[in-house]
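Chemist: Read off the chains here:
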Amino acid sequence: MKIWLIRLVVVGGLLAVWEIGSGTLFDGYFVSRPSAIVEAFWELLTSGRLFYHAAITITEALAGFVCGGLVGATTGVLLGRNETIGKALDPIILVFYSLPKVALAPLFVIWFGIDIEMKIILTATIVFFLVFLNTYTGVRGVSRELIAIMKLMGASEGHILGKVVLPSVVTWIFTGLKLSVPYALIGAIVGELIAANRGLGYLLSNAAGQFNTAGVFAAIVAIVILTILLNLAVRLFERRVMPWQTEQQTREISI
Amino acid sequence: MGQLAVVLGGEPKREACAGDTLIRFKGFGKSFGLGSGALVATRNIDLDVAAGEFVTIVGPSGCGKSTLLNAAAGIFAATAGEVVYRGTAVTGYNRNVGYMTQSDHLLPWRKVAANIALPLEIQGKSKNEINRRVDELIELVGLDRFGGSYISQLSGGMRKRCALARVLAYNPETLLRDEPFSAPDAQLRLSKQLEIRDLCLRLGKTVLFVTHDIDEAIALGDRCVVLSGRPGTVREIITVDLPRDRDLYRLRSDPQYIAATGHLWNLLAPAAGRPGESRP
Chain A
2 MKIWLIRLVV
12 VGGLLAVWEI
22 GSGTLFDGYF
32 VSRPSAIVEA
42 FWELLTSGRL
52 FYHAAITITE
62 ALAGFVCGGL
72 VGATTGVLLG
82 RNETIGKALD
92 PIILVFYSLP
102 KVALAPLFVI
112 WFGIDIEMKI
122 ILTATIVFFL
132 VFLNTYTGVR
142 GVSRELIAIM
152 KLMGASEGHI
162 LGKVVLPSVV
172 TWIFTGLKLS
182 VPYALIGAIV
192 GELIAANRGL
202 GYLLSNAAGQ
212 FNTAGVFAAI
222 VAIVILTILL
232 NLAVRLFERR
242 VMPWQTEQQT
252 REISI
Chain B
573 MGQLAVVLGG
583 EPKREACAGD
593 TLIRFKGFGK
603 SFGLGSGALV
613 ATRNIDLDVA
623 AGEFVTIVGP
633 SGCGKSTLLN
643 AAAGIFAATA
653 GEVVYRGTAV
663 TGYNRNVGYM
673 TQSDHLLPWR
683 KVAANIALPL
693 EIQGKSKNEI
703 NRRVDELIEL
713 VGLDRFGGSY
723 ISQLSGGMRK
733 RCALARVLAY
743 NPETLLRDEP
753 FSAPDAQLRL
763 SKQLEIRDLC
773 LRLGKTVLFV
783 THDIDEAIAL
793 GDRCVVLSGR
803 PGTVREIITV
813 DLPRDRDLYR
823 LRSDPQYIAA
833 TGHLWNLLAP
843 AAGRPGESRP
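If you're matching them up, the sequences are chains A and B in order. Just so you know, this note's numbering puts 71 at position 70 of the first sequence, and the rest follows in order with no gaps. Just so you know, this note's numbering puts 653 at position 81 of the second sequence, and the rest follows in order with no gaps.
The following block holds chain A by itself, in its conformation from the complex (with noise of 0.2 angstroms):
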């Protein structure tokens, strides 16, 4: 109770010498102020542009967070469990992952041009290393210990992999796709800020090109509203998938 009192607090003040000061402490030019904001993002929620703009980069960032979680998590799961070619991959490997997939932007719009298959491509490229590398270092975590337990009970790689490393490995592929959540966010209005006509992206790029500072605002919010409500889902999806891991925070609580 306390702490919600803090944070409204904080915000509503925030924002109060937002409103006040825009004008008098800063120009208003520049940082527009909280009620116009508001104003510019009814306008976009009434004529129905936010929508159709907000659908087109959700299926763009869901698509791409798809595509990309499911061939890393099984890239992921092959390569950890043959040891050899994993080995030989590694470095290669980490050298794309520490490059900054944002700039493979422009290269995209070469190959694939400003339609929407180039923001799913780059965003599902940069879900790919997230949701791979996780997937990776979760199967070679898996205990040799428990493998060989598994063995003397007359397991074949099929149980191995069926019954241990899948399951044990989901929570890893959740922190993988967890992180990618915002991530796929940015390549998806990204590319649509370097080239579209379309997406959120579009909407945030052209008010700013108009200098409409309360429109740049409002596209910002409706982003961040999108982020919330993407990782909210990946949450719950989580507790549906792994209630053990539920049961496990419960205990804690208890204690």
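It cannot be assumed that every hint is accurate.
[Unchecked claim] For lysine-lysine, the following PhoX-like pairs were computed, each having C-alpha atoms within a straight-line distance of at most 20 angstroms:
hint	chain 1	residue 1	chain 2	residue 2
1	A	K164	B	K598
2	B	K683	A	K164
3	B	K699	B	K683
4	B	K683	B	K697
5	B	K697	A	K164
[As the list claims (entries may be wrong)] To spell it out: a stretch of chain A is covered by chain B in this simulated footprint if at least three of its residues, at any positions, have a beta carbon under 8 angstroms from a beta carbon of chain B; those stretches are:
hint	region
6	137–149
7	165–177
[What the hints assert, rightly or not] Which chain A residues stay away from chain B? Per the calculated CB distances, all over 12 angstroms, these:
hint	residue
8	K3
9	L9
10	F27
11	E44
12	D91
13	D116
14	G155
15	A156
16	Y184
17	G210
18	I224
If you are wondering where the hints come from, they were derived from the structure by calculation, not from laboratory data. C-beta: ideal position from N, C-alpha, C; glycine also.
For this one, chain A is given, so just place chain B on it according to the hints.
Modeler: Quick look at chain B alone, frame taken from chain A:
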């Protein structure tokens, strides 16, 4: 006792007569790494374990106690000598043994019953049979009411019993057990271990039991193998002259028990107290 026969399930595996040699370490040695930098874990181990026998293994840290278990399980090959199981040299994974490592390695995403079912699933048993066997095993180890709990909701002792039930589920004739160091409540631990010993004996299991605890080593073992410091060799084999049925309270005052633990304490003390003097 009728219940035990059910748990053992169907016809017994090639039953060894009690007293026959089941596991034989012949000049067994194991080193890790190559050349001059190789770490010699154990060397020249000669040890015969009879079917149905409960053998405890003690020794200073790093003397290769766990190495003996790993070799009996066939997890790695000997670098010198060999390990023979029922007359055949152990080369790959030895399916006749069940291994309980220091960490229980239960699967946190499965409930207790599903953990115990794991080896039965691997064997491809039918759902009905799995359910029936799991129920029996849960009762056998005293985890009734906890079949539907996740592992994270169990206490340490319950986890151990769950791991025991899992290993008993596929009915291996030999159990390899590697006990972690120390427990906060030594008395309770010993009485629980005696219960498990009793269960293993009733089921006719042969047990190789690695421990750091002097009381445990004597109280549980029919024989106690004392290893020297690294590289581990057999220093002495103490035959524990106690009745098969053991009771914690009677043990405390049994002169045999007191003499044996005192002797073992003396054997281990120099190596623990003055590491420089541990034998080459």
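Chemist: Now look at each hint and say whether the structure bears it out.
Modeler: Evaluation of the provided hints:
1. The straight-line distance between the Cα atoms of K164/A and K598/B is roughly 37 angstroms, outside the 20 angstroms bound, and the hint therefore fails.
2. Proximity of K683/B to K164/A is assessed by CA-CA distance (about 13 angstroms); at most 20 angstroms being required, the pair is judged to hold.
3. Only pairs whose Cα atoms come within 20 angstroms are accepted, and K699/B paired with K683/B is accepted, the gap being roughly 16 angstroms.
4. About 19 angstroms separates the Cα atoms of K683/B and K697/B, which keeps this hinted pair within 20 angstroms; it holds.
5. Note on K697/B and K164/A: the hinted pairing holds, with a Cα-Cα distance of about 15 angstroms set against a maximum of 20 angstroms.
6. Judged by the Cβ-Cβ criterion of 8 angstroms, the region 137–149 of chain A is covered by chain B as claimed, because 4 of its residues qualify and three suffice.
7. Counting residues of the region 165–177 of chain A whose CB lies closer than 8 angstroms to any CB of chain B gives 4, which reaches the minimum of 3, so the coverage claim holds.
8. The beta carbon of K3/A sits about 31 angstroms from the closest Cβ of chain B, which is more than 12 angstroms, so the claim that it is off the interface holds.
9. At the 12 angstroms boundary, the C-beta of L9/A stays outside the reach of chain B, the nearest C-beta of that chain being 36 angstroms off.
10. With a minimum CB-CB distance of about 53 angstroms to chain B, F27/A clears the 12 angstroms threshold, and the non-interface call stands.
11. Even its closest Cβ contact with chain B, about 49 angstroms, leaves E44/A beyond 12 angstroms, as expected for a residue assigned away from the interface.
12. No beta-carbon of chain B is positioned within 12 angstroms of the beta-carbon of D91/A; the least distance is around 23 angstroms.
13. The Cβ of D116/A lies farther than 12 angstroms from every Cβ of chain B, with a closest approach of about 41 angstroms, so its non-interface assignment holds.
14. Interface exclusion of G155/A from chain B breaks down, the closest Cβ pair being 6 angstroms apart, not more than 12 angstroms.
15. A Cβ of chain B approaches the Cβ of A156/A within 12 angstroms, the least distance being about 5 angstroms, so the stated non-interface status is violated.
16. In this structure Y184/A is separated from chain B by more than 12 angstroms, as the shortest Cβ-Cβ distance comes to about 27 angstroms.
17. The beta carbon of G210/A is kept farther than 12 angstroms from every beta carbon of chain B, the shortest such distance being approximately 51 angstroms.
18. Once the 12 angstroms rule is applied to beta carbons, I224/A is consistent with being away from chain B; the minimum gap is 35 angstroms.
In this structure, the hints that do not hold are numbers 1, 14, 15, in rising order.
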